[in-house]
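With chain A held as given, fit chain B onto it using these hints.
Number of protein chains: 2
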Amino acid sequence: MTKTHPTILVVNDDGITAPGIKCLMDVMSELGKVVVVAPDSPQSGMGHAITIASPLRLDKVEIYEHIDMYRCSGTPVDCVKLAVNKVLKGRKPDLCVSGINHGLNNSINILYSGTMSAAVEGAIESIPSIGFSLDDHTLQADFSHCLKYVKEIAAQVLRHGLPQATLLKVHFPKTPHIKGIKICRQANAKWAEEFDERLDPQQRPYYWLTGVFQMNDSGEETDVWALENHYASVVPVQFDMTAHHAIPLLNNWKFNI
Amino acid sequence: MTKTHPTILVVNDDGITAPGIKCLMDVMSELGKVVVVAPDSPQSGMGHAITIASPLRLDKVEIYEHIDMYRCSGTPVDCVKLAVNKVLKGRKPDLCVSGINHGLNNSINILYSGTMSAAVEGAIESIPSIGFSLDDHTLQADFSHCLKYVKEIAAQVLRHGLPQATLLKVHFPKTPHIKGIKICRQANAKWAEEFDERLDPQQRPYYWLTGVFQMNDSGEETDVWALENHYASVVPVQFDMTAHHAIPLLNNWKFNI
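Chains A and B, in that order, are what the protein sequence lines are. Oh and the first sequence: position 158 is 162 in our numbering, straight run, nothing missing. Oh and the second sequence: position 19 is 23 in our numbering, straight run, nothing missing.
Here chain A stands alone, though its shape is the one from the complex (with noise of 0.2 angstroms):
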C-alpha cells in the first residue's frame, strides 16, 4: 500500500551540488515529500565509513524552494544516520534513494561505493531503499532518459515495500535507448589495480590508485552484462555478508587447541 504522501530521504556520495542529486530530487518531488542529507564535499569511494574520531557537522541550507535540505561534512553513511536520528528525529522515512551516482556501481564496486553503502545503511535502518547508478562519471553526465526509470521502480518499492534486509541496486547504461529492466545477481569481476607511481617535487614517491576492470563471468544474469547490453540492471541486495554455504565444511576443520 503507498501512503498518499511518503517522506523520501535522499542521499549520495558525490555531494548536495551534484547534477545526480538534483534529478534524484526532482523525481522524488513527484511521489512524495523530500527531504535530503547529502555530504558537503565529493565522497566516492568511501564504503561503509562511518566517522567516529572527529565530530560532524549538520546545516540547513537554502537552495531549492519547497526541498528540506541539509549539508553534513561526514560520509554517506553519516548522512543517513544523521538523517534518520537528527533530521526526522527518529521517526523513519518511507523510502531511502541514494544518488544518482556519476558513474558504476556494478559488482564488486558496491563495497567501494558510497552511494550503495548510504543505500544499505537505510536497509539496516529497515527503510526500503535503493542506490541508482549511471555508467557516466562526469559531471556533465546527462540522467534524462532514467529518469522515468528512477520514478517507476520508486513507485513500485512504495507500493510493493522490500524483504526485510534487502535494498536494491539499480544502474542504467549511457545511452538514452534503455532496453528495458532485467533483475540481475552482482557480477564475478574485481579490479586489476595499478599504481602510477609519480616523484612529488622533493623527489618523493607517491602513487594513484588506477586499474583496470576485470570481468571474470560470462553470465548473462549479471549487472555487467545487462549494462553491456543495453538494460537497466536492478539487483536486490543483502547485507547479511556470512558465507552460510561454508560453515558445514569449517565445521570439519580439526582445531588443535
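These are calculated hints, taken from the structure and not from any lab test. Hints are all accurate, no fakes.
Pairs of lysine-lysine, DSS-like flavour, derived with a Cα cap of 27 angstroms:
#, chain 1, residue 1, chain 2, residue 2
1, A, LYS90, B, LYS194
2, B, LYS186, B, LYS152
3, B, LYS194, A, LYS96
4, B, LYS152, B, LYS183
5, A, LYS186, A, LYS26
6, A, LYS7, A, LYS93
7, B, LYS178, B, LYS155
8, A, LYS178, B, LYS258
9, B, LYS96, A, LYS194
10, A, LYS258, B, LYS37
11, B, LYS258, A, LYS183
12, B, LYS90, A, LYS194
13, A, LYS26, A, LYS96
14, A, LYS186, A, LYS152
15, B, LYS183, A, LYS258
16, A, LYS152, B, LYS258
17, A, LYS155, A, LYS7
18, B, LYS37, B, LYS96
19, B, LYS258, A, LYS155
20, A, LYS93, B, LYS194
21, B, LYS155, B, LYS186
22, B, LYS155, A, LYS258
23, B, LYS37, B, LYS152
24, B, LYS90, B, LYS26
25, A, LYS90, A, LYS37
26, B, LYS186, A, LYS258
27, B, LYS152, B, LYS7
28, A, LYS186, B, LYS258
29, B, LYS37, B, LYS64
30, B, LYS93, A, LYS194
31, A, LYS90, A, LYS64
32, B, LYS152, A, LYS258
33, B, LYS7, B, LYS96
34, B, LYS258, A, LYS7
35, A, LYS258, B, LYS178
36, B, LYS26, B, LYS93
37, B, LYS7, A, LYS258
Just chain B now, kept in the frame of chain A:
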C-alpha cells in the same frame, strides 16, 4: 598443502603502531615470512573506503628486525592494494591477516570495520584471508590468551585454503578463559544511534556519533552469542552481496515503462 615458508601479509586498521598488529606479526613470524603494510594513523570505521581523490604515500619503516614493514597514508583497503601491487610486485601472498583489532567487529559491524574490509579485499584478490578482533577496544588490551587460537586458525587456513571468494572473521572474548571455537553466522543486530549534540565556542552545533548495540537475534549459532558465552567465533564471510532469494520475487514485479 602448507608451503614450507609461506609469505604472510599483515594489515590492520588501528595503525602500524597499535599493539594488536605487533601481536599478529609475532605469531605470523612463527608460520612464515611476514610483510606488514599498515595505515600510518588509526583508521577505525573506514569500512571498505579507498583513496581516489588524492595520492598515497608508502614508506618503508624500520621498527622490528627481520620484518618488512611499510606505513601507508591510506585506508586499510588501500594498504592491501599497495601491498599486492607495489610491495610484493603482483606476487600474491599465501595468506592475508588483518588485526588483531582493538574492539569487536561482530554482526553488522563487519560493514563499518576497516580491519574486516582489508581482509575482504584480500579475498577479492584471491588471497586466503582472515580478520581477527578482540572484545577490548583499549590500547592496553591484552591479546595473550588469543595468540594460540590465532596461530592455529592461520595454520589451518594455510593447510586447507578457503573456498573461493570466502574469508574468515574471527573474534575473541576478553576473558582469558576461552571455551573453544564456534563456527558462526553473522548475528542480526544493529546500532540504535544517538548523536551527542554539543556547541562549539562560536555556539554552532556539532555532533558525535554514539549509540547502543541492539541485538535482534536469539540464535545460539551467531557471532554475538558465541562471544557472550566465552567462545572464539569464526564466521565464514562472502562479498557477493546479491540477495539471491529475492530475485524470483522481483521478477514478478510488473514495471510500467
